[in-house]
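Respectively, the protein sequence lines represent chains A and B.
As numbered in our numbering, residues 1 to 386 make up the first sequence, in order.
As numbered in our numbering, residues 387 to 725 make up the second sequence, in order.
Honestly, the hints are just simulated from the structure, not real lab data.
Any given hint might turn out to be false.
Using C-beta positions, here's what the derived DEER-type ranges look like [unchecked claim]: (1) A:Glu323 / B:Arg493: 35 to 43 Å; (2) B:Arg506 / A:Glu334: 52 to 60 Å; (3) B:Asp696 / A:Glu102: 37 to 45 Å; (4) A:Glu102 / B:Val508: 38 to 46 Å; (5) B:Ala515 / A:Val279: 18 to 26 Å; (6) B:Glu519 / A:Ser284: 23 to 31 Å; (7) A:Gly43 / B:Pro675: 56 to 64 Å.
Note that the Cβ used here is the ideal one computed from N, Cα and C, for glycine as well.
Spelled out, the chains give:
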Amino acid sequence: MAEPRANGDDLLVVDNLVKHFPIPGSESYVQACEGLTFSLARGDTLGIVGESGSGKTTLGRCVLRLIEPTSGEIVFDGQDLMRLSSKELRRVRRDMQMVYQEPFDSLNPMLSIGSQVGEPLLIHTGLSRRERRKRVEEILTLVGLPIGIADAVPEGLSPGTLQRCSIARAIATEPKLIVLDEPTSALTPEAEADIIRLLNELQERLGLAYIFISHDLSLVREFCDRVAVMYLSQMVEVGTQEELFARPRHPYSRALLASVLVADPDSRRGLADRAERLVGEIPSPIDLPSGCYLASRCPYVRERCGGEPQELVSLGDGNEKREQRLIRCWRVTEADLTDEEIEESRRRRLVEAEADEAAERPESNVARPARSSGTEQPNHQPGGRP
Amino acid sequence: MALLAIENLFVEYPELGRVNCAVRDASLEIEPGEIIGLVGESGSGKSTLALAILGITRGVGRISSGSVVFDGQELLGLSDDEWRRVRGSKIGIVTQNPRGALNPIERIGPQIQNYYRHHRGVTEKEARAKALEQLELVGINDPERRLEAFPHELSGGMAQRVLIALALSCSPQLLIADEPTSGLDVTIQAQVLDDIRRSVEAVGSGLLVITQDLGIVASYCDRVYLMHAGEIAEVAPVHSFFKHSAFPGTIALLAAQGQRFDHERVRLSGLPVDTRALPDGCSLHRRCPFASDEAGCYTVVPALEAVADDHLVRCHRAGEIEGLALAASSQSQSGAASG
C-alpha cells in the first residue's frame with residue numbers, strides 16, 4: 001500500500017479497511033468503505049471530507065470498532081484493535097472517544113449533565129463518588145461551562161452548551177483520540193466558532209488527536225492538519241491542508257473545492273467554477289463500476305479509467321510522511337494529465353457554460369446588474385464586481 | 387414599482403397574559419429580478435416574516451398591523467378565494483424540510499401535476515409534460531422515472547429539487563426560499579442554487595432567500611436584510627453589507643465566519659434576545675460589546691437610519707461601529723503576535 005507502516009509517532013494506523021453492509025435477502029451489499037489506508041500522528045488532526053453517503057461516518061465508527069469492519073487492520077497506540085476481545089476493547093475505549101453531530105440526541109434527556117459527563121469515569125476508573133464529582137467539575141470548567149450545570153438536565157440548554165457537554169463527556173477519561181462527526185453542523189455560526197476554538201484549546205492542552213468528519217470545507221481548512229477527500233467509499237486524495245486547498249489535484253477534489261461559496265462578495269463564484277463542476281449522477285454504492293468510480297462524471301476521463309480499479313498512489317512530493325500527497329487517479333500520478341489539458345478543458349466548458357447561460361436568459365434580462373460581469377472572468381479576481 | 391413592498395408589519399403571538407411580538411415594524415422591498423438575502427440568528431423572525439408575506443402565521447399568531455403590497459395589490463385582508471389565486475401561483479415558496487413538504491404517500495408526478503392543474507387549469511397530459519419539463523429544468527436526470535417515485539425514494543438533494551420544480555412550475559413572480567440548501571452537500575448546494583437563480587432569471591421573478599450561510603448571501607444576493615429580535619436591523623447592498631457593515635450583530639456574524647474581524651473581540655455575549663421580554667433601549671444592548679451610555683444604547687430605542695445610500699442600520703453608534711470593531715480586532719492580533 002501507498003503509505004508506509006507505523007513508526008513511533010503514529011497513534012493510529014489503518015490498513016486497507018473495508019466495510020460492506022449486506023442487503024438482507026440478497027447477495028449484494030452496500031460498499032461503504034473500501035481500501036482505506038491512512039495514519040494519524042499523536043496530537044494531529046485529520047479531516048475527512050466528502051458528500052453524504054461517501055463513507056465518512058462509517059470510517060469514523062469502524063476506526064473505533066463501534067461497528068465491525070468487514071476486513072482490514074487498525075493499530076491504535078500499538079495495539080491491534082481487530083484482535084482484541086470485547087473485554088480488552090472496553091479497556092482501550094477510554095483512550096478513544098466520539099462526539100456526535102446532534103448534541104440533543106446524543107445526551108440522555110432524563111439524566112443530569114453531571115452524571116452523563118461522569119459516566120465514563122464510573123466505567124473506566126475506580127474513582128469514588130466524591131472524586132468523580134470533583135473531576136466532573138474540573139472537566140466542565142475546562143470546557144468553559146459553569147459547575148452548576150452538572151445538576152441540570154439537557155432540556156432547555158442551547159445546542160452550543162449541549163455540545164460542550166458532549167465534549168466534556170468525551171474528554172473525561174483523558175483519551176488520546178476523539179472522532180468528531182460533524183460536531184458543529186447543528187449549531188449557529190457563532191456557537192460553531194466557539195466550539196472550534198474550544199477543540200483547538202483542548203488539543204493544545206491535552207495533546208489530543210482528532211479525526212474531524214465534516215462536509216464544511218472552510219471549517220476543515222481552518223481546523224485540520226491533514227485532509228482526506230472521500231468519494232463513494234474511497235479516499236481519492238490525501239494531503240496537508242495547505243497544499244490540498246491551494247492545489248487540489250484529483251478531478252473530484254477540484255470539483256468539490258470549486259463548489260465552496262466564500263462569504264465575500266468580491267470572490268463570487270462564476271462560470272469558471274461552474275465549468276469545473278461534475279455532471280451526471282453518482283453511481284450506486286450497491287453496484288459500483290469496475291474501474292474508477294468517478295469515470296462516468298469525470299471531465300478528464302480516458303479509456304483506461306473505466307477498465308482498471310485505481311490505487312491511492314503517492315505523488316512523492318513530500319519528504320516526510322505527514323506531508324505526503326496521495327492521489328487515486330493514474331492520470332495525475334503518472335503525470336499524464338497536464339496543466340495544459342486542464343486549462344484547455346476548462347476553457348471549452350467555460351464557453352459551453354456561457355452559451356448555456358445566454359440561451360437560457362431572455363433578451364430582457366441580459367442587462368441584469370452586478371451578477372453578469374463578475375461571472376465572465378475566468379478566475380476569481382478580487383474586485384470582480386463593477 | 388416594487389414587486390413586493392412590506393411596510394411596518396407586526397406579527398404577534400398572544401401568550402398567557404402578554405403578547406409576544408415576533409416581527410416588529412418590518413419593512414422590506416423586492417424589485418422584479420432582484421435576489422434578496424434575509425439573514426439573522428435562529429429565532430430572529432426571518433421565517434415568520436417570510437410566511438407573513440403569504441398571509442400565514444403559525445399557531446395562534448396573527449398579523450396585527452402593517453401592509454404587504456404585491457404587484458400593486460394589498461394582500462392583507464384578502465379572502466380565502468383570493469389568497470388561493472396568489473399562493474403558489476404568483477408567490478411560490480420552498481420550505482426548509484423538503485420531505486416534510488411533499489406528500490409521503492403520493493408519487494412525485496401527480497404532486498407536481500395536480501399543483502399545476504389547480505393553478506393553471508390545463509389537461510392532465512399538459513400537466514405531465516410540464517412536470518417533466520420542470521424536473522429537467524432543476525437538473526434531475528431521468529425525469530420520466532422520477533415522476534413515478536415516492537418522496538422517500540429520493541435523496542435529500544433530489545427531494546429539494548423536486549420541491550423547487552414544484553414551486554417554479556407556475557412561474558411565480560416571487561419565490562421565497564427558506565434555507566433551500568441547508569441539508570445538502572456542497573456540490574449539490576451549488577447546483578441547486580444555480581438552478582433556482584437560473585429559473586427566476588428566466589422569468590424575471592424576484593427571489594427572497596432566507597439563510598444563515600453568508601457564503602450563499604455573498605455569492606447570490608443583490609441586497610441583504612438582517613433581522614435581530616424581530617426587527618430589521620440592517621439593510622444594505624451585498625457589497626456594503628460585507629465591506630461596510632455597521633450593525634454589531636452583522637459584525638459578530640462576519641467574525642464568526644472568519645471574515646475581517648476577530649471573533650473574540652466583537653462577539654455578542656449571552657443568549658439571543660427573548661422577544662417576550664425586550665430590554666429598554668436597544669434590544670441588543672445586553673449582548674453588544676460596543677453599547678455605551680453616552681450614545682443612549684441603554685435607554686433610547688434606535689431607529690432604522692441611513693448611513694449611506696441604500697444602507698440602513700438600527701444602531702446608535704452605526705457611524706463608528708466598524709472602526710471600533712476593526713480597532714478591537716487589530717489590538718488582539720498585535721497582542722497575539724507579541725505574546
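Verification of the supplied hints:
Between glutamate 323 of chain A and arginine 493 of chain B the CB atoms are about 53 Å apart, so this pair departs from the stated range of 35 to 43 Å. The supplied range of 52 to 60 Å is met by arginine 506 of chain B and glutamate 334 of chain A, whose beta-carbon atoms lie about 56 Å from each other. In this structure the supplied range 37 to 45 Å holds for aspartate 696 of chain B paired with glutamate 102 of chain A, their Cβ-Cβ distance being about 40 Å. For the hinted restraint 38 to 46 Å between glutamate 102 of chain A and valine 508 of chain B, the CB-CB distance of approximately 44 Å keeps it satisfied.
For the pair alanine 515 of chain B and valine 279 of chain A, the supplied restraint of 18 to 26 Å holds, since their beta-carbon distance comes to about 24 Å. Between glutamate 519 of chain B and serine 284 of chain A the beta carbons are some 26 Å apart, a value that agrees with the proposed interval 23 to 31 Å. For the hinted restraint 56 to 64 Å between glycine 43 of chain A and proline 675 of chain B, the CB-CB distance of approximately 33 Å leaves it violated.
When each numbered hint is compared with the structure, violations occur for hints 1 and 7.
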